[in-house]
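Chemist: Each chain is listed here by its residues.
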Amino acid sequence: MNDAARAPARPADPTPFDVHAIRGEFPVLARRVHGHPLAYLDNGASSQAPRAVIEAVDDYARSHHANVHRGVHTLSEEATALYEGARDRVTRWLNAASRTEIVFTRGTTEAVNLVAQSYARPRLRAGDEVLITHLEHHANIVPWQIVCEQTGAKLVVAPIDARGEVDPEGVEALMGPRTRVFACAHVSNALGTVLPVERLIASARERGIATLIDGAQAVPHSRVDVRALGCDFYAFSGHKMFAPTGIGVLYGRESMLERMPPWQGGGDMILTVSFERTTYNALPYKFEAGTPNIVGAVGLGAAIDFLGSIDLDGAHAHEAALLEHAHAVLAPIPGLRVIGTARRKAGLVSFVVDGVHPHDLGTVLDQDGIAIRTGHHCAMPVMDFFGVPATARASFAFYNTFEEIDRLAVSLERTRRMFGGDGG
Amino acid sequence: MELKDLYRDVILDHNRTPRNFGPLEGASANVEGSNPLCGDRLTLHLRIAGDRIADVKFEGHGCAISTASASLMTEAIKGRTRAEALELFGRVHALLTDDAAVPDESLGKLAALSGVREFPARVKCASLCWHTLATALRSPAPESIPAVSTE
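Heads up: the sequence lines are chains A and B, in that order. Numbered according to numbering that gives the first Met the number 0, the first sequence spans residues 0 to 423. Numbered according to numbering that gives the first Met the number 0, the second sequence spans residues 0 to 150.
Derived by calculation from the structure, the hints in this document are not laboratory data. Hints should not be assumed to be uniformly reliable.
A short list of chain B residues far from chain A (calculated; beta carbon distances all over 10 angstroms) [what the hints assert, rightly or not]:
| id | residue |
| --- | --- |
| 1 | Leu36 |
| 2 | Asp39 |
| 3 | Arg116 |
| 4 | Ala120 |
Some chain B residues near chain A, calculated using beta-carbon distances under 7 angstroms [claimed, not checked]:
| id | residue |
| --- | --- |
| 5 | Leu2 |
| 6 | Lys3 |
| 7 | Thr16 |
| 8 | Pro17 |
| 9 | Cys37 |
| 10 | Phe88 |
| 11 | Ala133 |
Note that beta-carbon positions come from the ideal geometry of N, C-alpha and C, so glycine has one too.
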């Protein structure tokens with residue numbers, strides 16, 4: 000059977016979202032890879048930047064760069080206004096109560112580490128418990144393991160089922176009298192599972208347990224309202240939502256942040272310093288020691304403005320349709336098994352193909368211009384649960400098309416035959 | 000850079016049907032190699048008699064490149080002396096990393112690995128088993144050496 004005959008029937012795009020207009024905003028999507036148009040299906044690892052972000056970063060570097068919060072000269076005041084303007088945008092975008100609740104970090108990982116060291120470490124006693132789930136990214140496992148080792152607390156892991164779902168009753172059963180922190184992903188990076196975080200946060204709060212949500216995979220695909228969620232902490236990275244790398248956000252409820260000691264010491268986080276005594280700056284600066292990633296914050300602010308300028312609900316509906324289409328065209332491929340079949344999923348599909356290791360899939364697909372992620376996705380416990388060393392993962396953004404997903408399916412079928420798969 | 004240079008028929012064949020795959024009774028050394036970033040993992044079983052590799056087998060899981068490389072390696076080193084096997088390691092390593100290296104006839108089927116160097120992300124897949132072998136052969140006590148990693 001030739002490739003054309005294999006190509007799945009493509010439905011008319013069921014959403015009115017104008018994907019071709021959006022693609023025009025992302026310069027990199029026009030490039031070719033190995034002679035083929037780039038099909039960028041690795042957005043879960045890092046998304047591409049729109050022109051608005053590229054230009055904001057460029058404009059900052061060309062015309063406004065100086066250090067922030069220090070100089071009285073014009074450029075320093077402009078840089079400070081741009082940096083703090085980005086904080087205001089994040090505040091509104093998350094519906095935080097106050098800009099003092101928005102701490103800029105290097106990314107999700109640093110945000111989780113900050114909470115583990117500054118909130119959890121001084122509070123945890125031997126025998127206390129930190130509760131996470133089985134589908135966490137290593138960034139929401141290892142910081143808690145470290146603080147448990149430091150304090151004698153115990154890391155408790157809530158199970159997942161064969162679909163890759165977390166049963167809320169199972170999690171609640173593990174919220175005991177010694178549970179001090181509950182941390183979980185909003186959306187699983189390895190499986191795409193959307194966790195029932197609203198309910199889990201409410202359950203934790205009823206029991207007086209502090210909550211942290213790893214939102215790295217959720218912010219690109221949904222509107223997040225931290226006050227509606229009611230969590231104490233919410234962490235995400237800029238580069239998965241069309242902003243540059245190296246900038247991320249820790250949202251923290253003000254009453255929590257106030258009670259936390261600084262995590263790192265240095266410039267900007269102090270009011271006065273003498274060799275006898277140092278007094279700390281107000282929120283959020285208490286947690287931003289040293290010169291921050293100013294240009295990254297400017298880019299993040301521009302990304303939020305960009306998201307505010309497009310039909311975001313239409314974009315999210317388009318992503319949901321892409322995911323449904325991906326499941327439909329991948330399922331008939333002989334020997335292909337989707338890993339993670341939760342009823343609520345967002346943004347990605349993880350899979351394995353009999354007889355073809357994910358890395359070989361990744362190399363062959365790259366030759367067809369298709370970028371996917373292969374490996375353990377920094378979620379080794381998830382891989383162990385499903386009994387696979389690695390998976391291939393196609394992850395979507397609203398600028399992806401149905402045609403790109405069809406190309407993925409054709410290329411997978413070709414790869415499978417090349418490696419000697421039977422049938423088909 | 001052509002896909003067929005990487006996935007030559009010999010590679011695909013040894014991936015589908017790896018030679019010398021499985022446990023080895025009476026092994027004098029069992030050395031683990033792993034590639035933590037991609038999750039490739041193999042165990043190399045060696046039975047060394049005097050100065051010679053009397054038998055060799057491997058187990059584990061990995062991509063086509065790492066599986067085929069290990070399979071080809073076991074065929075190539077069986078019966079060789081330590082020095083011969085290490086000399087072969089050197090030549091294969093050059094083949095995988097040195098753009099100037101030209102496969103000569105004495106490499107036999109191992110020459111099929113020469114396409115890997117055009118795919119830099121995959122070089123460590125092909126070299127994992129060879130680094131594991133070299134570590135085992137250079138160790139005075141191969142039964143007690145720690146796992147080998149290509150990271």
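Chemist: If a hint holds in the structure, say so; if it doesn't, say that too.
Modeler: Evaluation of the provided hints:
| no. | hint | in the structure |
| --- | --- | --- |
| 1 | Leu36 | violated, 7 angstroms |
| 2 | Asp39 | violated, 8 angstroms |
| 3 | Arg116 | holds, 14 angstroms |
| 4 | Ala120 | violated, 8 angstroms |
| 5 | Leu2 | holds, 5 angstroms |
| 6 | Lys3 | violated, 9 angstroms |
| 7 | Thr16 | violated, 10 angstroms |
| 8 | Pro17 | violated, 12 angstroms |
| 9 | Cys37 | holds, 5 angstroms |
| 10 | Phe88 | violated, 23 angstroms |
| 11 | Ala133 | violated, 23 angstroms |
Comparing the model with each numbered hint stated earlier shows that hints 1, 2, 4, 6, 7, 8, 10, 11 do not hold.
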